[in-house]
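Given two chains presented individually in distinct reference frames, assemble the corresponding complex, making use of the accompanying hints.
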Amino acid sequence: MSETPSYQSALLDLAGRDPRVLVMTAENRAAIRDLPAKLGPRFIDVGICEQTMVGMAAGLALRGRVPVVHALATFLTLRAYEFIRTDVGIAGLPVKFVGAVPGFLSDGNGPTHQAIDDISVMRTIPGMQIVCPADDRELCACLPQVVASPAPTYVRYNATPSKLEHAPYALGRAEVLAEGTDLAVLTAGFLTPKVVDACAILRGQELDATVLNLRTLAPVDEDAICAAALACRVLVTVEDHLLIGGLYQIVTEILVRHRISVPVVPIGLPGRWFQPGRLGEVLEHEGFTPARLAERFRAFETTR
Amino acid sequence: MSTDFAELEAQARRVRAHAIRLATNGGCFLGASLSCADVLVYLYDRVLRVSPRRLDDPHRDYLFLSKGHDVPALYGTFVERGFFPAARLRNHLSVTDQLYWHPNRAVPGVEFHAGSLGHLLSVSMGVAMDAKLTGGPSRAFVLVGDGELNEGSVWEAALVASAKKLDNLVLIVDRNGFQANVATETLLPLEPLGEKLGAFGFSVVELNGHDFGELQRAFAELPRRAGRPTAVIARTTRNKGLPSLEGKADRWFVDLSPREVELLLEELGGAGHASLTSEPLVVR
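Residue numbers (the numbering used here), protein chains in the order written: chain A, 1 to 304; chain B, 1 to 284.
Okay, chain B solo, but in the shape it has when bound (with noise of 0.2 Å):
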């Protein structure tokens, strides 16, 4: 098993960059978006079975962004896997193309589209449980976010993948500590996340979701037990890359000047230190 992740790293520094470049002219959910950035790249790269060549694949692998809010990251990990051009990403906002805040099948390698929180668990177990009934060797990833895990469609979800033994879905967590506006442990503390997901059924491993090392341990042989879903807690950073911007609050939703755009592209190359003079945008 390789350990050199080199090659990695730079795809998830140029995923970044694709989604700095997203948060200007109406800007974009940046915070999320560099969190699940490594997450996103690891699991295109070495897991998922499917490319651009085999969209249609009924035996692929499906990945489902339920938090919708972070598709700039994966906008960008399809261009650094051939989805689409990157000149498209251009089109960000435009409403000549579908390239918006929340992501729709109208996008190559979009599995489904979402932005209202707490569904895609539910859907992503309909195609798991489809490959079950064929036989298919389909299995159904998808990532959610932590404040997510407040709605209520999340657990009874959760209840249904334990009863019907899906061993083919693999829900993530991208825990980066943050809500909207919040720390997640300040309204509708979560932990012991993994205790909660574990009494619901779930084979759970925890790990520091920008470990490209962890990562490839924990999908290194999936399902972690037969006859369970697994889920995989992610410990991220909400805006991972950029010092000046990680863990804040109030950067969760950006609109940055061309300005700051190159700032921040500088600082996630490794030099300065962005400060930022654009306002803190709340818009929830």
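Just chain A, with the same shape it has in the complex (with noise of 0.2 Å):
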């Protein structure tokens, strides 16, 4: 396995070979320390001012800048709404959002951080691409292709180290993480890891799952989707996101427009926020830890 670089480390890369790059932020510093030195006045924090970082995003947009907004996901998507939808999505401009403690993530501070409608609200921007790295890894490896493309994009933050082994990147096309027949288990970011876990403890119950990690929401890999609903039985659909408007929905969209029939099972947030707290108890109180998860794939296998 190659040294894994940092977020901030391939941030300052990019921007050394590519003078558009700008970091701007809503002074969310912790993923971003060393940059203000490194990049001076190509770093552009505006103070707790998330409508106003994205405004002038878009005017930086225009005079030929793609700025890398970094901010919390949850006041970056819902606070700034309107200035993302209007200013930059109307207009069609690459401005990068990178929406930190998505899902998750965010712990031990409570509903009001818990970016769990993130993807459903971002993805009914025209044009808009949704990018959900499953590690550091790949939250690095997918950040070229987000900056050179002219597209704006929310990126799902996520820089847990994992011990995945990716396939090369390529923006709107999912990778096959483990090969089965008798359920297929689609998800991105964050819960990809769990789930490969989740499925290796299947393996050893003799149940073979393919596990997908479509790795971005939009575009989303179509292909992908549909080739594993017709190779399996069954599909079920993981993701730190509300059952509205998130992972769970975009796959059954496909399904329906496709006319394949498949009994699909979600597994997110049904409805409701989450009990906050360190990281692993949540996963436990949530059921989303790889144990649990194998338990709740398996408890739909044998009762369908």
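All the pointers check out, no bait thrown in.
Looking from chain A toward chain B, a few residues come up when the C-beta cut is under 10 Å (computed): (1) ARG42; (2) ILE44; (3) GLY47; (4) MET56; (5) ASP87.
Taking beta-carbon pairs under 8 Å as the criterion, some of the chain A residues facing chain B (in silico): (6) ALA57; (7) ALA58; (8) ILE90.
The set of hints was computed from the structure by calculation and includes no laboratory data.
Don't be surprised by glycine CBs; every beta carbon is placed ideally from N, CA and C.
Here it is, written out as structure tokens:
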């Protein structure tokens, strides 16, 4: 396994190679502490002003810049939503939004900080790409393609290390992390390594699952989803997002459109905020550890 | 410095006539268009380094119309400056063109779309910031309505403009005293507006937005203070140029009959005092 670059070193590398790249933040510096000194005036901290930050990013993009806008996912996508939609979305400007601590990663913060509706709101903006890295390496791997793309893009920040071995990154293409024909589990982002581990547990119980890491939810790899649905008897979607507007609905919309009739089991947040706490305990409480996920996959498999 | 503004006054009268002609067969936001017409004419004629031949010049000045619904005055100004022919105004509200109630970039000269209040101060700041980063000469001018100052995003952006020392930014407030339906001071009082913007770090000048001499003095030297954004509070009159409608709260958006358009054009030319029979409209 090659040495994993950090998010901020990846940004620094991109900024070094591409003078269009700027980094902006609404004083959310935890992941980018070294950048002010290294980027100088190309690091723009506007203070806790998400709306102004997004409006300014649109103005900077009008002038040919590619702003990487880093802020907490829930305040970025909700407080500044109309600025994202109206200034960046309508103009189709190449602003790159990076939402920190999405989904379960807000751990002990509580519902105010729970970005579990971010995918839902961002995918309604025409032309918006949505990228969900599975771990730190995928986060760094996606950034060059995200920055090179002319489209506005939302990246669900996830710098959690994992032991996954990834296929080369291609924006809009899924990767197959395990192959089986008993069921196919579709996921993206932080929960991907948990799903892989859960399926490894099932393999010991003679239940073989395909694991599809979708990587991006817009554009989404429709071919991979349809192929998984046709090859397996059942699909499971796993997401740290509300079941409204997220992965489950993205997948089921595609299946309906392609007239593919298979059971789809949604595992996500069914219309409520999750219980805040230490991340490990949250995952246990909400049923998203590998062991708990394996039980949930198995429970469906044995009762259908 | 020339103090003969006869040509500018004639140009502003033609811009107002264009706007009045757009106020039929679907109508337009006439009141705010007529209040900012003199400011726009002055900026495009005497201040902004932009012309139809340099719409893509990265060193041009940028004007952002933030309240957006005053775009008939901008369309009229563009016609007078040769950005597009007057005949195109006949396409207003036709689905075959892009001339509608709010500005968009498909119209030559429009730098950015607007319509949702409280956006373009921050967008213009991005342009000003980039000009600073590149060392370019571009300046960003942004025209906001006084009602628009209800939006918190304007004040948030003002904090940032000052903190980032954007002295190539000029905020112009079309202080016509009205928001959509009511006088600003009866709903959310803005005064003392100059002191507020000054306290936010702007170099502030208050003037009569219909007096070209005062506009000339205010814009003669920018930035007014190094390291500070400029704010120009242009005191104006809603429906300026049409005494029968000036300062009327219920004539913000109008949809006139062709006969009423003719009467108002006569009134603009100094003849008569139009008496409108069309329904006052409130569309917000």
